[in-house]
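Undergrad: Using the sequences provided together with the hints, build the complete structure.
Number of protein chains: 2
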Amino acid sequence: MSTSRVRKEINEALLAFVDRQRPGLLAISPDLSPLVTALDELLSGGKRLRPLFCYWGWRGAGGGADPGIATAAASLELLQASALIHDDVMDSSDTRRGRPSVHRRFEAMHRENDWPGAAGRFGEGTAILLGDLCLAWSGEMFESSGLDADRLGAARTVYELMRTEVMCGQYLDMLEGTRGPGSVETALRVVEYKSAKYTIERPLHLGAALAGATPEVPVALSGYGLPLGIAFQLRDDVLGVFGDPAETGKPAGDDLREGKRTVLVALTAERADRVQAAALERRLGDPRLDRAGVDALRQIIEETGGLAACEAMIERYTAEAAAALESAPIAPDARAALADLAVAATARLS
Amino acid sequence: MSTSRVRKEINEALLAFVDRQRPGLLAISPDLSPLVTALDELLSGGKRLRPLFCYWGWRGAGGGADPGIATAAASLELLQASALIHDDVMDSSDTRRGRPSVHRRFEAMHRENDWPGAAGRFGEGTAILLGDLCLAWSGEMFESSGLDADRLGAARTVYELMRTEVMCGQYLDMLEGTRGPGSVETALRVVEYKSAKYTIERPLHLGAALAGATPEVPVALSGYGLPLGIAFQLRDDVLGVFGDPAETGKPAGDDLREGKRTVLVALTAERADRVQAAALERRLGDPRLDRAGVDALRQIIEETGGLAACEAMIERYTAEAAAALESAPIAPDARAALADLAVAATARLS
Numbered sequence: 050m051s052t053s054r055v056r057k058e059i060n061e062a063l064l065a066f067v068d069r070q071r072p073g074l075l076a077i078s079p080d081l082s083p084l085v086t087a088l089d090e091l092l093s094g095g096k097r098l099r100p101l102f103c104y105w106g107w108r109g110a111g112g113g114a115d116p117g118i119a120t121a122a123a124s125l126e127l128l129q130a131s132a133l134i135h136d137d138v139m140d141s142s143d144t145r146r147g148r149p150s151v152h153r154r155f156e157a158m159h160r161e162n163d164w165p166g167a168a169g170r171f172g173e174g175t176a177i178l179l180g181d182l183c184l185a186w187s188g189e190m191f192e193s194s195g196l197d198a199d200r201l202g203a204a205r206t207v208y209e210l211m212r213t214e215v216m217c218g219q220y221l222d223m224l225e226g227t228r229g230p231g232s233v234e235t236a237l238r239v240v241e242y243k244s245a246k247y248t249i250e251r252p253l254h255l256g257a258a259l260a261g262a263t264p265e266v267p268v269a270l271s272g273y274g275l276p277l278g279i280a281f282q283l284r285d286d287v288l289g290v291f292g293d294p295a296e297t298g299k300p301a302g303d304d305l306r307e308g309k310r311t312v313l314v315a316l317t318a319e320r321a322d323r324v325q326a327a328a329l330e331r332r333l334g335d336p337r338l339d340r341a342g343v344d345a346l347r348q349i350i351e352e353t354g355g356l357a358a359c360e361a362m363i364e365r366y367t368a369e370a371a372a373a374l375e376s377a378p379i380a381p382d383a384r385a386a387l388a389d390l391a392v393a394a395t396a397r398l399s
Numbered sequence: 050m051s052t053s054r055v056r057k058e059i060n061e062a063l064l065a066f067v068d069r070q071r072p073g074l075l076a077i078s079p080d081l082s083p084l085v086t087a088l089d090e091l092l093s094g095g096k097r098l099r100p101l102f103c104y105w106g107w108r109g110a111g112g113g114a115d116p117g118i119a120t121a122a123a124s125l126e127l128l129q130a131s132a133l134i135h136d137d138v139m140d141s142s143d144t145r146r147g148r149p150s151v152h153r154r155f156e157a158m159h160r161e162n163d164w165p166g167a168a169g170r171f172g173e174g175t176a177i178l179l180g181d182l183c184l185a186w187s188g189e190m191f192e193s194s195g196l197d198a199d200r201l202g203a204a205r206t207v208y209e210l211m212r213t214e215v216m217c218g219q220y221l222d223m224l225e226g227t228r229g230p231g232s233v234e235t236a237l238r239v240v241e242y243k244s245a246k247y248t249i250e251r252p253l254h255l256g257a258a259l260a261g262a263t264p265e266v267p268v269a270l271s272g273y274g275l276p277l278g279i280a281f282q283l284r285d286d287v288l289g290v291f292g293d294p295a296e297t298g299k300p301a302g303d304d305l306r307e308g309k310r311t312v313l314v315a316l317t318a319e320r321a322d323r324v325q326a327a328a329l330e331r332r333l334g335d336p337r338l339d340r341a342g343v344d345a346l347r348q349i350i351e352e353t354g355g356l357a358a359c360e361a362m363i364e365r366y367t368a369e370a371a372a373a374l375e376s377a378p379i380a381p382d383a384r385a386a387l388a389d390l391a392v393a394a395t396a397r398l399s
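Those protein sequences? They're chains A and B, same order as listed.
As numbered in our numbering, residues 50 to 399 make up the first sequence, in order.
As numbered in our numbering, residues 50 to 399 make up the second sequence, in order.
Since the hints were made in silico from the structure, they are not lab data.
Careful, some of the hints might be misleading.
Said to hold, decoys possible - Output of the computed footprint for chain B on chain A, the stretches with three or more beta carbons under 8 Å from beta carbons of chain B:
no., segment
1, 65 to 75
2, 78 to 86
3, 131 to 139
4, 180 to 194
5, 215 to 229
6, 260 to 269
Bear in mind the structure is a predicted one, so any value in this text is a computation, not a measurement.
Where is the CB? At the ideal position from N, CA and C, for every residue including glycine.
TA: As structure tokens, this is what we get:
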């Protein structure tokens, strides 16, 4: 089965799950309808990377044509929706996937209805609750796959570990932001938990566990997934600074305004002279950073060689992943699909 | 087994679960230690109502002396911790169980360390993540009980329903707050989902499902749990206005400052004359409400007869619950314990 065909099945499973929830919510109250609409719209975007890695982990470990795997894999998209909705509250982000973030959307609803009370607080409160609902539903959807109970039990342990890791990784990420210029090493530790394990390694393990993999399979998948996950996040860091807003779905320079202590920033700080370092520290995290300010930071990141160093790291980690994939004891169609996904996950957008 | 003995087992199960999580977190990073400490402190308070109702639902349906039930039941306390942590962010509450709320605690940590960036946002971000972690862990703890897999499957459906109901109920509660004076009827609908089902009915059903109850048992438990759950929330509303801060763990008048559209407020509005109604609308939800303002509102709530009407409703619903309990087809020791819990859940604090 091709990755585009798998993506279609994942989308169908996701739609079917939300459709099954809708009547229950509307039976509680028709006032809940905007929550489902907001979720529908958020879920209409996204590349489905985590479900795809889960699916190919399953196939790699010998999993066959069971429709349950699309449901189990797609549940990761609800977990991701929860993380995105809460992340946007935490970062006060205005946009997500090219549209207003959930909290901004409900803030606008409050304002348009001219309701009493604080619109901003209503928006954030709703986003916290909708994120909670997505987190609860991700577990519910995972359990609803109908896959073999023993394998679900083994996979549940992976799922639980993954959730704890990503939440801890996000806290460490936030903590990093309070610490001023950090080292490449500490930035990489955050990437490992917040992103590499969560986006690639654990979804692969989840699929493998669902397929009843022998122990050497997840080990081999880690050899591919961890370096690829780091490369994926580094690419995301680069796109966060240099990407086209039409493709990233976020305004240009948002990461800089938020003062994210990315590996890219750490690589730049390591290479900056005194003047560049001072400018970097002064502008990074300034919420009023304008176009000229963004351009100035971009220039520093390029001129110091920070960008080139980051691109070299992406290349190195991607090559490491590709080499591990070569020798992984997995089914050939999964190997081919994972090689393609590695390219998709780390590509410069056109 | 006595309720105090059950409470002890529930506390032990809760401590054991958090202790099992601790090394995993510290292995990710020692920086995560404050998260566990904050959770430990939050969990040291609370009356364990939801786990107790779950336990006695189990016993009522014929469940025996299996240590797994304490673990499954105690997981509800982590779900409640998640709801409290997120609630306090949504309401900007300073205190919880007599101590600083989680977001205030981490805001203070940020300030004490003189970190760069906004302390308030750091506190709220951490609280969102810790609440997410508690929500994920509640499911994980529930699954870890070791109880029979088929019964866990049936109980999981109850658990999932309960989570969706409480999150939807909280959204409806927030929405109610945007609507000015509401009717007693709409306020009661919010109470049903946000509180009556979540605190009492569903925990009873959960325990009964874990014990493999026949269908008439949950029906009978609803006859007791739903009216008792409403009475419980109405008592909470009264305590939120008239309670002693030393016993409620919240500053006097916090509910009034937040402008909560409780049943008590709706009963008062129904009975208010023009002058009283105007004063109620002017002061309710005023975040700067001082002691004199709180006293003025208390006086209106008493003088209109709103308080007396609320007390009468509490009595009526409690009596309805007691009558249903009399004829419920459950084990005698569970009937006795649930009768005691009904008193505890609706008592005026001394």
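Undergrad: Each of the hints needs a verdict: does it hold here or not?
TA: Structure-based check of all given hints:
{"no.": "1", "hint": "65 to 75", "in the structure": "holds (count 3)"}
{"no.": "2", "hint": "78 to 86", "in the structure": "holds (count 4)"}
{"no.": "3", "hint": "131 to 139", "in the structure": "holds (count 4)"}
{"no.": "4", "hint": "180 to 194", "in the structure": "holds (count 9)"}
{"no.": "5", "hint": "215 to 229", "in the structure": "holds (count 12)"}
{"no.": "6", "hint": "260 to 269", "in the structure": "violated (count 0)"}
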